[in-house]
Amino acid sequence: MTDREKTGGSVDITSKDDNVNRSFVLTNDEQYILKRALKKVDLRVFPIMYCLYLAGAMDRGNVGAALINGMRTGLNLTSVQEGSINSLFFITYVAMEPFANVLLKKLRPSIWFPFIGIGWSVTCMCMAAAKNATHAIIIRLILGAFEAGFTPGLITYMGYWYTREELGPRMSVMFSALPAADRENKNRDKNPKDVSHLSTEEQRDLHDFHPDFRYIL
1 MTDREKTGGS VDITSKDDNV NRSFVLTNDE QYILKRALKK VDLRVFPIMY CLYLAGAMDR
61 GNVGAALING MRTGLNLTSV QEGSINSLFF ITYVAMEPFA NVLLKKLRPS IWFPFIGIGW
121 SVTCMCMAAA KNATHAIIIR LILGAFEAGF TPGLITYMGY WYTREELGPR MSVMFSALPA
181 ADRENKNRDK NPKDVSHLST EEQRDLHDFH PDFRYIL
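Position 184 of the sequence shown, counted from 1, bears residue number 184 in full-length UniProt numbering, the numbering being contiguous throughout.
Any given hint could turn out to be false.
[Unchecked claim] Straight-line alpha carbon distances no greater than 16 Å define the calculated EDC-like cross-link-like pairs of lysine to aspartate or glutamate that follow:
id	residue 1	residue 2
1	39	166
2	35	165
3	131	82
4	35	166
5	40	166
[To be verified] Just the calculated beta-carbon pair ranges, DEER-fashion:
id	residue 1	residue 2	range
6	26	106	45 to 53 Å
7	108	128	30 to 38 Å
8	164	129	40 to 48 Å
9	169	28	40 to 48 Å
10	129	30	26 to 34 Å
11	25	176	33 to 41 Å
12	48	163	16 to 24 Å
Simulated from the structure, these hints should not be mistaken for lab results. Just so you know, these numbers come straight off a predicted model, no measurement behind them. We treat Cβ as the ideally placed atom computed from N, Cα and C, and that holds for glycine.
Starting from the given sequences, assemble the full structure and let the hints guide the process.
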C-alpha cells in the first residue's frame, strides 16, 4: 500500500526526507531593491494620499469657521438650520461608507480616488452658489457621499503597497492629519477676517460679491 493510500489521498510533506525549503530569506540585493521600492512609495504615493486625507478632514470640519465669517448672516440661518448643516453631512457619509471598498475594487484606485477627489472639490465650490439653508444642506449631503469613500478606500489601498508591519507607522502619520485639520479650523474660528479697516460701502460690496465664508468652504 502506498503512502497516498495510507493517508486517504493526501501526501505527508513533513517527513524527514522532505527537502522543501520553508524559510524565505531575502538576499542582500533583494533587500536593497525592496528598500528602494519602499522609499519610492513613501515619496510618491504616501504624500498624495496624506494631502487628500488632510483636505477631506478640513472639509468635514470647516463649517464652524464659515459660520463665523459670514455664512450665518449671508444665508440668514437659524440655530436649527446651522445644526442641520453640520449634522446631516454624516447621514450620507455613514450610508455610503460600506460601499466604498466595493466600488474601489470594481473601478480601480486610479479611477476611484480621482473621481471622489474631484467630486468633493466641485461640491465644495458649489457652496458659493448657495442662496439659502436648503441649498447648503443639499450640498453638504452630496459632500458626505463623496467623502465617505475615501477613508475606507485609503486603508485598503495602503495595504496594497505596505506589509502589515510597515502599514502601522504610516497610518499613524496619516491620521495625524485629523488634529492638524482640526487645529486649522479652530484657528479660523478664533480669528475671523478683520474688515474693520474698510469703509461701510466697501464692507457692503465685499459681503454682496465676495462673502467670506465662500473662500473658507
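Comparing the hints with the structure gives:
Of the supplied pair hints, the one linking residue 39 and residue 166 holds, its CA atoms being roughly 12 Å apart against a limit of 16 Å. Proposed proximity of residue 35 and residue 165 is supported: the alpha carbons are some 14 Å apart, at most 16 Å. At roughly 14 Å between alpha-carbon atoms, residue 131 and residue 82 fall within 16 Å of each other, so this suggested pair holds. Distance hint between residue 35 and residue 166 is fulfilled; the C-alpha atoms sit about 12 Å from each other, no more than 16 Å.
At most 16 Å may separate the alpha-carbon atoms for a hinted pair to count; residue 40 and residue 166 meet this at roughly 14 Å. Separated by about 34 Å at the C-beta atoms, residue 26 and residue 106 break the suggested range of 45 to 53 Å. A beta carbon spacing of about 32 Å between residue 108 and residue 128 agrees with the range 30 to 38 Å that was offered as a hint. At about 45 Å, the beta-carbon gap between residue 164 and residue 129 stays in the expected band of 40 to 48 Å.
Between residue 169 and residue 28 the beta carbon distance is about 24 Å. The supplied range of 40 to 48 Å is therefore violated. Take residue 129 and residue 30: their Cβ atoms lie about 55 Å apart, and the range 26 to 34 Å is violated. Checked against the hint of 33 to 41 Å, the C-beta distance between residue 25 and residue 176 comes to roughly 34 Å, which is consistent with it. For the pair residue 48 and residue 163, the beta carbons lie near 20 Å from each other, so the given range of 16 to 24 Å is met.
The structure fails hints 6, 9 and 10 (numbered hints given earlier, in ascending order).
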